[in-house]
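Asks: If you read the protein sequences in the order shown, they are chains A and B. Take the first sequence: its letters are residues 1 to 359, numbered as in the working numbering. Take the second sequence: its letters are residues 1 to 417, numbered as in the working numbering.
It should be emphasised that the hints constitute simulated quantities derived from the structure, not laboratory data. Any given hint could be a false lead.
[Claimed, not checked] Here are the simulated lysine-lysine pairs, DSS-like style, with alpha carbons at most 30 Å apart:
1) A/K115 to B/K331
2) B/K177 to B/K123
3) A/K10 to A/K23
4) A/K119 to B/K331
5) B/K308 to A/K77
6) B/K80 to B/K171
7) A/K107 to B/K331
8) B/K331 to A/K116
9) A/K110 to B/K331
10) B/K138 to B/K61
11) B/K228 to A/K23
12) B/K228 to A/K18
13) B/K177 to B/K72
14) A/K77 to B/K331
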Amino acid sequence: MNKEFVKFDKVDKSYDGKTLVVKDLQLDIEEGEFVTMLGPSGSGKTTCLMMLAGFETPTHGEIYLDGRAISSIPPHKRGIGMVFQNYALFPHMTVYENLAFPLRVRKIPKDEADKKIDKALSMVSLQGFAERMPGQLSGGQQQRVAVARSLVFDPQLVLMDEPLGALDKNLRESMQYEIKHIHESIGVTVVYVTHDQSEALTMSNRIAVFNDGKVQQLSSPDELYEKPVNSFVAEFIGENNTFAGEVSDISGGKCKVKIANTEILANPISVKGKGEKTKISLRPERALINPSDKMDNIHSGKIEEVIYHGDHTRVRINILGNNQFILKVPNSSANMDIKLGKDIKIGWNSEDARALDPK
Amino acid sequence: MSSETKQILTTDGIPLEVSLKKAERRNKIKAFLLVAPLLLFLIITYVFPIGDMLLRSVDDKMVTEMLPKTFKAMEKWDGKELPEEEVFEAFYLDFRQLVDEKREGKLSTQLNYTKNGFKSIIKKLRRKSKNFEEGNYKEQIMAVHKRWADVEYWKAIKRRAPAITGQKYLKGMDMYKNESGEIVSVEEDRRIHRILWLRTLEIAFFVTLFCFLMAYPIAHLLATLPMKYSNLLMICVLLPFWTSLLVRTASWMILLQQQGVVNDFFVGIGLVADDARPEMMYNKTGTYVAMTQILLPFMVLPLYSVMKTISPSLMRAGKSLGGTPIVAFWKVYFPLTIPGIGAGCLLCFILAIGYYITPALVGGASGTLISNQIAFHMKSTLDWSFASAMGLMLLSGVLAIYWVYNKLVGIDNIKLG
Numbered sequence: 001m002n003k004e005f006v007k008f009d010k011v012d013k014s015y016d017g018k019t020l021v022v023k024d025l026q027l028d029i030e031e032g033e034f035v036t037m038l039g040p041s042g043s044g045k046t047t048c049l050m051m052l053a054g055f056e057t058p059t060h061g062e063i064y065l066d067g068r069a070i071s072s073i074p075p076h077k078r079g080i081g082m083v084f085q086n087y088a089l090f091p092h093m094t095v096y097e098n099l100a101f102p103l104r105v106r107k108i109p110k111d112e113a114d115k116k117i118d119k120a121l122s123m124v125s126l127q128g129f130a131e132r133m134p135g136q137l138s139g140g141q142q143q144r145v146a147v148a149r150s151l152v153f154d155p156q157l158v159l160m161d162e163p164l165g166a167l168d169k170n171l172r173e174s175m176q177y178e179i180k181h182i183h184e185s186i187g188v189t190v191v192y193v194t195h196d197q198s199e200a201l202t203m204s205n206r207i208a209v210f211n212d213g214k215v216q217q218l219s220s221p222d223e224l225y226e227k228p229v230n231s232f233v234a235e236f237i238g239e240n241n242t243f244a245g246e247v248s249d250i251s252g253g254k255c256k257v258k259i260a261n262t263e264i265l266a267n268p269i270s271v272k273g274k275g276e277k278t279k280i281s282l283r284p285e286r287a288l289i290n291p292s293d294k295m296d297n298i299h300s301g302k303i304e305e306v307i308y309h310g311d312h313t314r315v316r317i318n319i320l321g322n323n324q325f326i327l328k329v330p331n332s333s334a335n336m337d338i339k340l341g342k343d344i345k346i347g348w349n350s351e352d353a354r355a356l357d358p359k
Numbered sequence: 001m002s003s004e005t006k007q008i009l010t011t012d013g014i015p016l017e018v019s020l021k022k023a024e025r026r027n028k029i030k031a032f033l034l035v036a037p038l039l040l041f042l043i044i045t046y047v048f049p050i051g052d053m054l055l056r057s058v059d060d061k062m063v064t065e066m067l068p069k070t071f072k073a074m075e076k077w078d079g080k081e082l083p084e085e086e087v088f089e090a091f092y093l094d095f096r097q098l099v100d101e102k103r104e105g106k107l108s109t110q111l112n113y114t115k116n117g118f119k120s121i122i123k124k125l126r127r128k129s130k131n132f133e134e135g136n137y138k139e140q141i142m143a144v145h146k147r148w149a150d151v152e153y154w155k156a157i158k159r160r161a162p163a164i165t166g167q168k169y170l171k172g173m174d175m176y177k178n179e180s181g182e183i184v185s186v187e188e189d190r191r192i193h194r195i196l197w198l199r200t201l202e203i204a205f206f207v208t209l210f211c212f213l214m215a216y217p218i219a220h221l222l223a224t225l226p227m228k229y230s231n232l233l234m235i236c237v238l239l240p241f242w243t244s245l246l247v248r249t250a251s252w253m254i255l256l257q258q259q260g261v262v263n264d265f266f267v268g269i270g271l272v273a274d275d276a277r278p279e280m281m282y283n284k285t286g287t288y289v290a291m292t293q294i295l296l297p298f299m300v301l302p303l304y305s306v307m308k309t310i311s312p313s314l315m316r317a318g319k320s321l322g323g324t325p326i327v328a329f330w331k332v333y334f335p336l337t338i339p340g341i342g343a344g345c346l347l348c349f350i351l352a353i354g355y356y357i358t359p360a361l362v363g364g365a366s367g368t369l370i371s372n373q374i375a376f377h378m379k380s381t382l383d384w385s386f387a388s389a390m391g392l393m394l395l396s397g398v399l400a401i402y403w404v405y406n407k408l409v410g411i412d413n414i415k416l417g
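For reference, chain A alone in the conformation it holds in the complex (with noise of 0.2 Å):
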């Protein structure tokens, strides 16, 4: 497998010479992987698609496609399949001939082209559809021709552009779902942009964060949820507590970090040295209620919120110095008592504490 199937190469990208929209962006994707790019809006993370796409040049950089700099590339000599957020299928075209249009550009055979279209289709669960106008089509089923239509000519990588932020939620986990099996079972290479991390987190086998023009975190799912490399990452994926303090202490792989009037133990990983600002992020399902006594980090704190949402519930709780502390206690310890303006004791392991940078 080629490691470096779509290589970034120092890539800059300025829409109008004053500002970077993506600044020195090095990024590798290997062949036959599910790549998200994941960032709130305005972080760059379109524009590097468009750029892989064709449809941008980069300021500055190379991009690299299979070892060949594409950036002199014009997009429909790219051979690289793409799926739009507002789907862009032809209006005035069948779902036939809509499949039908890469396969014709490219000269191929009438009858090679009905059995590729077949198996697209099929591929979507759309048999029976071909001769439906799009505009006849649900929404879902306008995506699956959409997805069907990248994929037709075989390309070694397709893009997709939010293809799913227009439908409703059920459909789009159904869809998540199914455009998964889809690269699992034809194993395209699929560069995939979404502004929603459950999204990301379902289909993705790396996820690279985007932030302010910058990859912020390259990393399979899990490791992005349990092992954030900085705040942003913290913050934007997931739910996250977080205390601000300084490090008055580091030794032996946990340091010491000073909150309001306590110390507390945590896990040191961009923190270096004594006396160093940082933000300590805990995930809310780390922290628990009537803690064993082998936990490091042990403290009481208030519930001034509690919030029944069916298999968990959500608890608030006013902890050292931080009102916005949320628990998730699942609904199996239902007997324990959760009562609003109760005292209760709440611990949780250091190593689970991540020391970040303050931002």
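Since the structure of chain A is provided, determine the placement of chain B on it from the hints.
Replies: Just chain B now, kept in the frame of chain A:
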């Protein structure tokens, strides 16, 4: 389910349908009253004048009313030999009445339209008929002039019996009904209207074509440029719209005349010699140039409104799927603009086919259109019925184009903005 659907009743036992109608009647009346003034306005300013025009174009009551007894007597006449005494008597009585009312001059003019030679013999008859004795009018009338004994003249009178006629329409096509009732074309050197009709179609067609060729890129630019530039461009397109038609035409006259700006420029860059300045006005060229410029916004606006709705991602999709820019344009973008093209072309063509002021001012002799001929008959010859007939022919031509367009493209495919 049974085939008989059960009638649904409201709670107080009235059938639902009746109740619904009752509830909606008030709103319907209100809605009608709201549009009633407009409806009335349309009827008065649109339906009524066109109806009047239609009547006027076929109206031929004048002679019918002047010779009521004659035409009644002529009903039995087979129209081959000279008519019997009773026709002559009836004609004499009608004629005396006209002479008393001093309207025989009008009769002679009208009959002269149908056949030359009536004017003098009617004058003569008026003089002689004062001294006619009672009885045997046939002999006495025939004695007035030998033409009164010619059956062709009596046939000509009989042709004027119907109160409606299509001869104005025939005249508009350079045709007429000859003595034996056949429809024939006039001599070749007198066929002016056919030339005008063909020229009108030709100019309307080419003006539409030029407008399309020029408007398409402009509309595309308008639809794709960033807002701040496209607004400026839009103003440039609309500015002529806000200027008086007459001013625009006059400025074209300044530009195009032989000593005008364009010719000066051509001479200046050495394209043409000073003593061989081309004539660009008072001919077809002038009409083409001025009309294209004036009708351009009518093409730009429908195209723009359609192009604005075409997502730029469609062209991108076309390219990313492997189509060259030309293929992507031709297979994806262009078909989607067809509703705009249809609307723009139809609008331009219909406006061009009835254009009047511009060809009148810059057209000269070879650049005038059928509408100028209509105006000529309205103002100069005062032959309103002929002008009406040609106006209606123009209208039916436009309706025919509309019908053909509907058959070919479908009128619901049109998008005016």
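Asks: So which hints don't hold here, by number, going up?
Replies: Of the numbered hints given earlier, the structure breaks none, since each of them holds.
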